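Trainee: Heads up: the sequence lines are chains A and B, in that order. With the first sequence counted from 1, adding 140 to any position gets you the numbering used here. With the second sequence counted from 1, adding 13 to any position gets you the numbering used here.
Derived Cβ-Cβ restraints for the label pairs, each shown as a range: (1) Leu154/B / Ser144/A: 23 to 29 angstroms; (2) Arg198/A / Leu86/B: 30 to 36 angstroms; (3) Arg198/A / Arg26/B: 58 to 64 angstroms; (4) Thr123/B / Gly185/A: 38 to 44 angstroms; (5) Leu172/A / Gly21/B: 29 to 35 angstroms; (6) Ala68/B / Ala181/A: 22 to 28 angstroms; (7) Ile180/A / Phe33/B: 34 to 40 angstroms; (8) Leu154/B / Pro195/A: 37 to 43 angstroms; (9) Leu149/A / Ala133/B: 16 to 22 angstroms; (10) Lys173/A / Phe33/B: 30 to 36 angstroms; (11) Arg168/A / Gly21/B: 23 to 29 angstroms; (12) Ala181/A / Leu153/B: 19 to 25 angstroms; (13) Ser144/A / Thr123/B: 33 to 39 angstroms.
Using 35 angstroms as the maximum straight-line C-alpha spacing, the simulated DSBU-like pairs for lysine-lysine come out as follows: (14) Lys27/B / Lys165/A; (15) Lys173/A / Lys143/A; (16) Lys169/A / Lys27/B; (17) Lys115/B / Lys104/B; (18) Lys169/A / Lys167/B; (19) Lys167/B / Lys165/A; (20) Lys104/B / Lys143/A; (21) Lys173/A / Lys167/B; (22) Lys103/B / Lys115/B; (23) Lys143/A / Lys169/A; (24) Lys103/B / Lys143/A; (25) Lys104/B / Lys27/B.
Read the hints as simulated data drawn from the structure, not as lab findings. Bear in mind the structure is a predicted one, so any value in this text is a computation, not a measurement. Heads up, the beta-carbon is just placed ideally off N, CA and C, and yes, glycines get one too.
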Amino acid sequence: MVKSHFLHLMLYSTLVAVFFAALLKSDRKEQLKFGGLIWIAMVGGVLALAWLMSPFPR
Amino acid sequence: MAGQDDNGRPDNRKLALIIFLAWLVPGLGHILLRRIGRGVLFAGLVFVSLGLGLAHDGKLALRDPAQPFLTSLQVLANIGAGPIDFIARKKVYGEVALTLPKRGTDPDRTRRVGIQRARAVSGLSIYGTAYLWTAGIFNLLLLFDVWDIGRGRKW
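The shape of chain B in the complex, shown without the other chains (with noise of 0.2 angstroms):
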């Protein structure tokens, strides 16, 4: 069959596809490998993730050119739960906005960094953070999960 090796197995292009289309819906990647139940169980969990985290007026991460690691680390996280992070960011900044401006009178720098602030003020921002990470990282394990089923490396 057309996009499968002689095991049954999507080839290298039709995996690459699944693993894009697991990032922009979660859970799907499982679904599409005919592991339905736990691509549920598992689009459930990120999206109880990311809707906790942004009820509790989560970070939603900017680059900082100030720390350009640890803060890239902290996107990278924020955009593993897919598409939905920059819905998520268009609605909070105005705008789908991955970075921080350079230190100054930038006045885009300063209406994040003000957004920022604001939406920590709440003190349960903390958490919303974390789960928004956590929605992250659990797609992107997701990702490498679906790759190692694709590639029959797991049940």
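Chain A on its own, in the form it takes in the complex (with noise of 0.2 angstroms):
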């Protein structure tokens, strides 16, 4: 079992990244662009909003 928040956080946008990209594109190039920018938009997104509540933590 994977314990880590942030290896979850990796391995369902590579999931995600990856299935969307061989769903919704056919090229292979239109597809690592399509697939990169759902996982950056991803893991990013999440990091940003990390970022922003840390000065609330509880």
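Each of the two chains sits in its own frame; use the hints to bring them together as a complex.
Mentor: See the structure below:
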């Protein structure tokens, strides 16, 4: 079992990014671009939100 | 050829069968429509997500009469992954349980709620639940994709 929250974030984002890139794009280059965009949006979005919430720990 | 229209695409009956088979085995629909690479990739993604969900004690949703709409959607998301969900339910609940009996002293309700609570103790269960729902929703989206490919609306 994976216990790291951050690893789950990376793993889940990878699954979703690969799935939608393969589902919605046919060209390999477009798949990489689109998948990368989804991955960065998910991981980056969560990290940005975490940083914004960091002054309010509880 | 039997089961195909003039453009070589499967007719409605054959396409319905392919969609059913695609639900039974994730990725099989794409493989049957000769998208073998994508079919194998999609199968891998669904099974990895499903495996992660089960390994992290994800919640196999039960329809609760107290919250019928939301819990029905959860059950639908689980069942989307195919019959493997029923096998997982058999293993977790000891039977293919899809519902919680109404509130009261029904022993089945008490037992099933107890199993769900025991699985949620780990703290990683929420991740498992997300992976399980994702596997089911992936496969449901794949069924629509198979439909589009079969109708010639997609490459």
